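Visitor: Residue numbers (the numbering used here), protein chains in the order written: chain A, 1237 to 1369; chain B, 82 to 183.
A portion of the hints provided could be inaccurate.
[As the list claims (entries may be wrong)] The calculated SDA-like cross-link candidates involving lysine to any residue, where the alpha carbons are at most 20 Å apart (straight line), are:
#1 A:Lys-1285 - A:Thr-1265
#2 A:Lys-1255 - B:Gly-109
#3 A:Lys-1285 - B:Glu-105
#4 A:Lys-1285 - B:Arg-177
#5 A:Lys-1277 - A:Ala-1332
Hints were generated in silico from the structure; no laboratory data involved.
All of these numbers come straight from a predicted model, not from anything done at the bench.
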Amino acid sequence: MACFLVSAAEAVVVTAVEKVIEKKEMADTATENVSSEQEIKIPLSRKLKWLSNMLWGGVVLLMFEHIWHGEVVPWFPFLTAMSDPSEAAVMFNEMATVGVCMALLISAVWFIMCKAADSIVSRKAAETKTQEG
Amino acid sequence: MTLLITVFAAVTVSILWYNRKNDEMQLGTLMFLFWGASIMWLVDALFEYAELGAEYFAPEAADMLNDMFLGLSVVALALVIWLVKLLFTDPKGTVRMALKKQ
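Next comes chain B alone, as it looks inside the complex:
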């Protein structure tokens, strides 16, 4: 479930990156973050599948819920990392302008 949620996040961000007007939102960073994690979890899933076989696709409801909760937390963490980087590098100068006003 964690892998699935991360892959969906990676695909969504990749589509947003492809349709972007400019690089101001730094979507590339977020895209690589999700793809990197997706590839690593894919390897993890393949090893688990090799060990468990078909049982891998029939997880317990409690495990699935926990994995879903983890997947959503992972997406939230990645978004926070990206947002902090975006605000710190401030490519549009919005933060700097807001700070100068005060």
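Chain A on its own, in the form it takes in the complex:
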């Protein structure tokens, strides 16, 4: 009914955090505050971009599905379930269960992806060092 709204809220927060961290990282690079160890690491802003892309992608495509099924409409209150209190209760229940699980699973997949990416990058760096040595 409106399960995608939970992921939409997470996407807004992640995008805001990503912008702040990106600015901070750019300032650090400008003042050359970056150590050699940080140089071979994937910046946090880039990792957050992956999460925000997944969240926004899912939100847009699921919103389209809800429009398709007539659950989201272009007039107030935008969600058809909001016009009936009993349906609104079902909608909130769905947001608390399905919506939260969606946001959690995307975040979990992103976390595993970041760990895997870090391991691939450090492996490549170690291989390069061995070849040079």
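Place chain B on chain A using the hints.
Guide: Leaving out everything else, chain B in the frame of chain A:
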């Protein structure tokens, strides 16, 4: 059916992304778009399966057709979003060059 079509789209784009020569086509955006939607629809499908049981795997023909139509529309929408972003950011400078010519 929608989940299945989106997963196939996500896998196809991931393979194209892995074999890419450079980042000019911005396939990463499209890849994350499809994977994000696939994960969200997977959760939706799991909840539906918990509710319906084995009946989940035996949908009515009309429902399946509607879901297939929705899945293809979702892929088309994602491709349009990606194309608009690609043309707007114009990493190869093709749009800018074409506009300058006119």
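Visitor: Please work out if Lys-1277 (chain A) and Ala-1332 (chain A) have their alpha carbons no farther apart than 20 Å.
Guide: Distance ~36 Å between Lys-1277 (chain A) and Ala-1332 (chain A) Cα, so the pair is violated.
Visitor: Keeping to a limit of 20 Å between CA atoms, is the pair of Lys-1285 (chain A) and Glu-105 (chain B) held or broken?
Guide: holds, 17 Å
Visitor: If you draw a straight line from the CA of Lys-1285 (chain A) to the CA of Arg-177 (chain B), is it 20 Å or shorter?
Guide: Status violated; Cα separation ~26 Å.
Visitor: Could you grab the alpha-carbon distance between Lys-1255 (chain A) and Gly-109 (chain B) and see if it respects the 20 Å cut-off?
Guide: Holds, at about 19 Å.
Visitor: Would the pair Lys-1285 (chain A) and Thr-1265 (chain A) pass a check requiring their Cα atoms to be no farther apart than 20 Å?
Guide: holds, 18 Å
When the structure is compared with the earlier hints, violations turn up for hints 4 and 5 and for no others.
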